[in-house]
Structure formats: C-alpha cells, structure tokens
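**Q** These protein sequences, in sequence, are chains H and X. With our numbering as the guide, the letters of the first sequence map in order to residues 33 to 402. With our numbering as the guide, the letters of the second sequence map in order to residues 4 to 311.
Treat the hints with care, as some may be off.
Unchecked claim - Chain H is nowhere near these chain X residues, computed Cβ spacing over 12 Å in every case:
hint : residue
1    : R96
2    : G103
3    : A114
4    : L248
As the list claims (entries may be wrong) - Among the chain X residues that face chain H by a calculated CB cut under 7 Å, a handful are:
hint : residue
5    : P95
6    : V97
7    : V100
8    : V102
9    : I104
10   : L113
11   : F115
12   : K119
13   : T286
14   : A288
15   : M290
16   : T293
17   : P296
Since the hints were derived computationally from the structure, they do not count as laboratory data. Idealized CB from N, CA, C, for every residue including glycine.
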Amino acid sequence: MTAEAADSTEAVGTVAPAADSGFLQRYGGTIEYVLIPGAALVGALAVFGIFVMLFGKSPLDLYFYMYYGAFGTWFSWQNTLTRAAPLILTALCTALPAQLGMVIIGGEGALLIGALSATSAALALQGLPPFIVQIAMVCAGVIGGGLWIMLSGALRQYRGVNETISSLLLVYIALAILNHLVEGLMRDPASLNKPSTREIGAVNMIGAIPGTDVHWGLVFGLIAAIASYILIYHTVFGFAARIAGGNIRAAKIVGLGVSKLILTVCFLAGGAAGLAGMVEVAAVQGRTNANLAAGYGFTGILVAFLARQNPLAIIPVAILLGGISASGGLLQRRLGLPDASVLVLQGIIFVFVLASDALYGRIGFLKGKS
Amino acid sequence: MADGSIGLWTVPLAVLGGAIRVSTPFLFVSLGECITERSGRINLGLEGTLVMGAMSAYGISYVTGSPWLGVLAAGITGALLGALHAGICSLPRVNDVAVGIALMLFGTGLAFYLGKPLIEPTAPRLPAIDFGWWSDIPQVRAALRVNVLFLIGVALAPILYWAFRTTRWGLLIRTAGESSDAARAMGHSVLLIRLRATMVGGFLAGIGGSFLSLFYPGSWNEGLSSGQGITAVALVIFARWDPLLCLWASLAFGGAAALGPALQSVGVTSGYHLFNAAPYILTLAIMIITCSPKRTLTGAPAELSITR
Numbered sequence: 033m034t035a036e037a038a039d040s041t042e043a044v045g046t047v048a049p050a051a052d053s054g055f056l057q058r059y060g061g062t063i064e065y066v067l068i069p070g071a072a073l074v075g076a077l078a079v080f081g082i083f084v085m086l087f088g089k090s091p092l093d094l095y096f097y098m099y100y101g102a103f104g105t106w107f108s109w110q111n112t113l114t115r116a117a118p119l120i121l122t123a124l125c126t127a128l129p130a131q132l133g134m135v136i137i138g139g140e141g142a143l144l145i146g147a148l149s150a151t152s153a154a155l156a157l158q159g160l161p162p163f164i165v166q167i168a169m170v171c172a173g174v175i176g177g178g179l180w181i182m183l184s185g186a187l188r189q190y191r192g193v194n195e196t197i198s199s200l201l202l203v204y205i206a207l208a209i210l211n212h213l214v215e216g217l218m219r220d221p222a223s224l225n226k227p228s229t230r231e232i233g234a235v236n237m238i239g240a241i242p243g244t245d246v247h248w249g250l251v252f253g254l255i256a257a258i259a260s261y262i263l264i265y266h267t268v269f270g271f272a273a274r275i276a277g278g279n280i281r282a283a284k285i286v287g288l289g290v291s292k293l294i295l296t297v298c299f300l301a302g303g304a305a306g307l308a309g310m311v312e313v314a315a316v317q318g319r320t321n322a323n324l325a326a327g328y329g330f331t332g333i334l335v336a337f338l339a340r341q342n343p344l345a346i347i348p349v350a351i352l353l354g355g356i357s358a359s360g361g362l363l364q365r366r367l368g369l370p371d372a373s374v375l376v377l378q379g380i381i382f383v384f385v386l387a388s389d390a391l392y393g394r395i396g397f398l399k400g401k402s
Numbered sequence: 004m005a006d007g008s009i010g011l012w013t014v015p016l017a018v019l020g021g022a023i024r025v026s027t028p029f030l031f032v033s034l035g036e037c038i039t040e041r042s043g044r045i046n047l048g049l050e051g052t053l054v055m056g057a058m059s060a061y062g063i064s065y066v067t068g069s070p071w072l073g074v075l076a077a078g079i080t081g082a083l084l085g086a087l088h089a090g091i092c093s094l095p096r097v098n099d100v101a102v103g104i105a106l107m108l109f110g111t112g113l114a115f116y117l118g119k120p121l122i123e124p125t126a127p128r129l130p131a132i133d134f135g136w137w138s139d140i141p142q143v144r145a146a147l148r149v150n151v152l153f154l155i156g157v158a159l160a161p162i163l164y165w166a167f168r169t170t171r172w173g174l175l176i177r178t179a180g181e182s183s184d185a186a187r188a189m190g191h192s193v194l195l196i197r198l199r200a201t202m203v204g205g206f207l208a209g210i211g212g213s214f215l216s217l218f219y220p221g222s223w224n225e226g227l228s229s230g231q232g233i234t235a236v237a238l239v240i241f242a243r244w245d246p247l248l249c250l251w252a253s254l255a256f257g258g259a260a261a262l263g264p265a266l267q268s269v270g271v272t273s274g275y276h277l278f279n280a281a282p283y284i285l286t287l288a289i290m291i292i293t294c295s296p297k298r299t300l301t302g303a304p305a306e307l308s309i310t311r
C-alpha cells in the first residue's frame, strides 16, 4: 500500500509544477510534524470518547465540556495557561536532554527539589526586599533542580548508569527528601493536618500578570522555551549537542567535549524543571508541601514527546495539555467522571503519539523529494 | 516469652519478614522483565502493569469472592498490556523505552479510573501458610506467615534459569535477544518471539500486582505502588539478566523496604520517609557500583537498546 502510494506520488511529482514540489520539499517535513501528532491526538480523543461511552456517558458531552473547561471562557483560558506554565518548564526537562539522545523522565524530582530549594532560599532571606528574595528563589530553584538532573547525566557519563531509570528513581528519592524535611526540620508547627514548611510571605509571591489571573510563571516558561530553541538551533553549543545526539563517535572524533555537553544540558534541563517548582511555590502554593507532587513532571514528559522534543512546539502542546487537565474539574462535576480520567486520556494520547512515529516519511502526498 | 523481652530483635525479624513478604512483587516483576529483556526488548511499563494487576485482582476478587480468580485476572490484564506494548513496538521506528513510559502513565491512570469504586469495599484476600507454628513469639509467627505466591515465585526463578539454558523456548528467546538476524535466519519471527516474551513478562508482573492488593499491604488504593515496578526493572539490570540473581536481589530489596516500617514499630520515627526510600537509594547505589562506562554489562542481551 505505502510503496504504491509513494510510487504514484513520484509520478505525479514529475508532472506537477516545479514550484509545488519545491513547496513540499521545503515544508513537507514541517507539515508532517503538525499533521501526524494532530492525527494522533484526534485518534486518542476518539478512543477516549469510546472509553467513556462504555461507562454510559455521552462522548459529545465529553468533548463539549473538555473544550468548555479548557478554552471556552476567559476563566478557563486563565486556568489553562496557569497549568501550562509548569508544563512548559517540565517538558524542557525531557526535551533538552533528548537532543543528546538521552531519555530523562525525572522532571518531577527536579521540580520537587527546585521547590524545596526556592522555599529554603526565601525562608533564609526573610525581611530582605521582595525583589532580591525572588531572584534568590529563582537561582535556588534552578540550581537545585539543575544539580538533581545533572546527577543523572553524570551517572550516565561517568558510570554508565542508564539515565532513564536513574532519573525516575531520583523522583522517589526527591519525594522522600521532601516529605522528610517537610515533616521534620522545615515543618511549620502551625500546619497540623497537612505538614508544610512556613510560608514564604505574601510580599515575596510573584503574583499575576496585570489584567489576568495568570501568574508570571507563564512568562518564565515562554522565555525558557524560546531561549532553549535559540540555544539548540542557533548556537554552536546547540549544534554540538545535536551532533553528539546524532552520533556520539563522530562528536568525539571532531573533538567535542561530550562530558561537558551532557552535564551542561542536563543542568539546564533540571534547571527548567526546578524553576517550575519555584513557580509553583512562589505563585500558587506559597509554601512547600506534598501538594507539589501533582504530576506536572510526568505530564511534561508527554508534552515533550508530543512536541517531538522541539522547544518551540512545546509551548502550544503545553497549553493543549494544560487545557485537558484544566477541564478535569468540569468533567468531574458535570459528567461524574473520576479525576483519573485526565490521566487515562493522557496515557491514550501518549500511546497514540508514539505509535504515530511509524508514519513519518510514509504519507505519500507529503513526499516532496523521493 | 513476653512481647517486650525480644526488644530490638523486632527489627531484624521484621526485616526478615519483609524480605519474604515485600519481596514478592519485586520478584514477579523482575522475573517477568527478565524474560522480556532477554528477548531484546525493555518494558518500562511494568510499573503501570503492576498497578493495573493490583486493581483488577482486587476487583475480580471482590466480585467473584475468589482471590485466585483475581490473581488470574491480574495476570491476564498484565499479558494484555504486554501485548499492547509489543504491538506498538513492532511498528517501525518506535522506541521501546518511550512506549514503556507511555504505558506506565496509561496503566496507572486506567487503574485509578477503574479502581475508584474499589477503594471502599473489602475483597477476600489470599490465604497464607503459617510456617511459624513452632514458635510462641508473635513476631516470629508474623514474619513466617508466607504467601503461596511467594513460594511460586521462588520456585519459578530456578525453573526460568533452567529453561533459559536448556529448553528450545529459552534458546529462542535468547537468540532473539542476542541477534535478531540470527533468529530471522533460523526462520523465526523476532517480533512474534518478543510479543510472547513481553506478554509472559506482563502476566508475571500482573500477578506481582495482585499480591500487593490481595496480600500485602492487602487493600486497593492509589498509593499502593510507588515505583516498585520501576525498581524491579532496574533490579534486572544489576541481576545481570539472571533469574537466580533476580531472586536474591528481590529478597534484599524486600528487606530494605521493610526497614522503615520495622524501625517505626520500635519507635524510631525520625527518618521514616528516608528509610522508606531505601529500596530506591539501594537500587541507585548498586547501579552506580556495578555499571561501567567502559564496557557493556556482562550478560546483557546484545539487542537491548538500553545497554547499547
């Protein structure tokens, strides 16, 4: 089937106007990168519709409430964007190391450590001008999260430990450290039922973008994503990283410092997730507690894969998945679906997106060149 | 003998009991993963399989009243998830590690979704065999209450070891894992071998999950497994893909995981969460010690993407 389609396109390509085939040559790949994940998304939504139908709910209601809860009103848009902010940052934690061919899935751990570091910085600097406290929180969050993922990178580079498994194990270790500190050393004696650290103070919160309820974390995320894009596609460093990701031996032969590349990229990746933790503390929670382990790190993995590890594509994908999780509450209230339905949908999307990898280069009419 | 007089002996006893009790899920998942990885594919989704297995076992046991049917259902669920993994992986250019991550999220999500109504009711549990009847000390008796699944797992390890070495089936799996070209040249479908190996692996991991919900801790809730599945996958790597080493490693892990609750029972509560993280820290430490960037691991199946 596919081979036939390819043949016929070739035949068409020779008779079609040169400009047209040039267009496909230039943009066929890009169209593919939008079309295939898009189709995967639609397929996943269809399967999820059938899934809820099995439980006696109407899929049309489902799609309506999902749209309404995610993008239907200004209120839901703000909810969506607020959730997209940490997703952009945690997705970068998977997407940046992916340029080097590494699969890091420990963004959740870096987020927790970043939150813990940022909170510690804020609590240590109480009384200083808020601006200084906020800068210290950003630095602490980035450094904390960065070192956490750099550990995975270093283990991979110097000890040959698989980075996927080590980064995931570090999530559970990070969670244990967080619970340990929050229930012990850093516990606010006033937090009885829900052990938490002391609050960082209302003046030190980073607040909302004027005119909205969306906090400044979204801007942090956008800046981080755009900076990552420039770093990877428009700097020598990024070029070196992509060479090392494509062929590690070639990178070594041309004399690239692969260890340095891996450690730096992992630090930046973890730093992004750590920043997400800082944002969650400084814009949403106001303190560190177990609420922070809300799964943003894991959804970030899905965002990165759906965006095909492209930092710019992460932005719209994060908004889309932020929307799906924002609609979860409405689905729960109006359709009586359990809160885990968002997890199921995310899982189905993930499976579809990965399966759709097989389609690249196989869609006949997109083959500009053969 | 009075309770108090055994004092600090409670800790090693509880660790021994834990090694027997807590190790069972580790044992089943690692044996299952061992089969899958020997065929040249890695299934990181066993964490999701474990949780799905726990949920379906609890549900079926509650509905039918027979915990053994629950165990069977858990195995079948696991095999289906394994088939899904293998099916997606047989498509060209699909990365097995990524599919595993996807199924980890999918499996846990689906289990939480379907398991919502199961948090309240109580399902019949699996029976235990009392090996501690000779002792008067309640702690000893508690430590030696052994579940049949544990015994099955312990028996399975040497059987698999033998099967990998001598049976036609074991040789085929190893051939697919060492060189897919060789397997193909012999006229076997590598994809089919891996499909079967992943399904068997999922079946065992599902049974490991049924142990969680039907014996220890013995109830269904969303915090039932926190990383036991992924720890077991890591365990296979430093057990060098050897089923017998998987058994010893699982026992060590069970003991480590029981350390936190054991210390808590004698009043050491300060580092509770850190002791609970002991299995993960232990896994990481052992991986750091045993891995090396200079050489590929001895015993690693050559086709395995994760060690290449």
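**Q** Does each hint fit the structure? Answer for all of them.
**A** Consistency of the hints with the structure:
1. R96: violated, 5 Å
2. G103: violated, 9 Å
3. A114: violated, 8 Å
4. L248: The assertion about L248 (chain X) holds, with a minimum of 17 Å to chain H.
5. P95: holds, 5 Å
6. V97: Cβ of V97 (chain X) sits 5 Å from chain H, so the hint holds.
7. V100: Where the cut-off is 7 Å and the nearest Cβ of chain H is about 6 Å from V100 (chain X), the hint holds.
8. V102: holds, 5 Å
9. I104: Given a least distance of 6 Å, the restraint on I104 (chain X) holds.
10. L113: holds, 5 Å
11. F115: Holds: closest Cβ of chain H sits about 4 Å from F115 (chain X), inside 7 Å.
12. K119: holds, 4 Å
13. T286: Holds - the Cβ of T286 (chain X) comes within 7 Å of chain H, reaching about 6 Å at its closest.
14. A288: Given a least distance of 10 Å, the restraint on A288 (chain X) is violated.
15. M290: Hint on M290 (chain X): holds, closest Cβ of chain H at ~5 Å, below 7 Å.
16. T293: Result: violated, 9 Å to nearest chain H Cβ.
17. P296: holds, 4 Å
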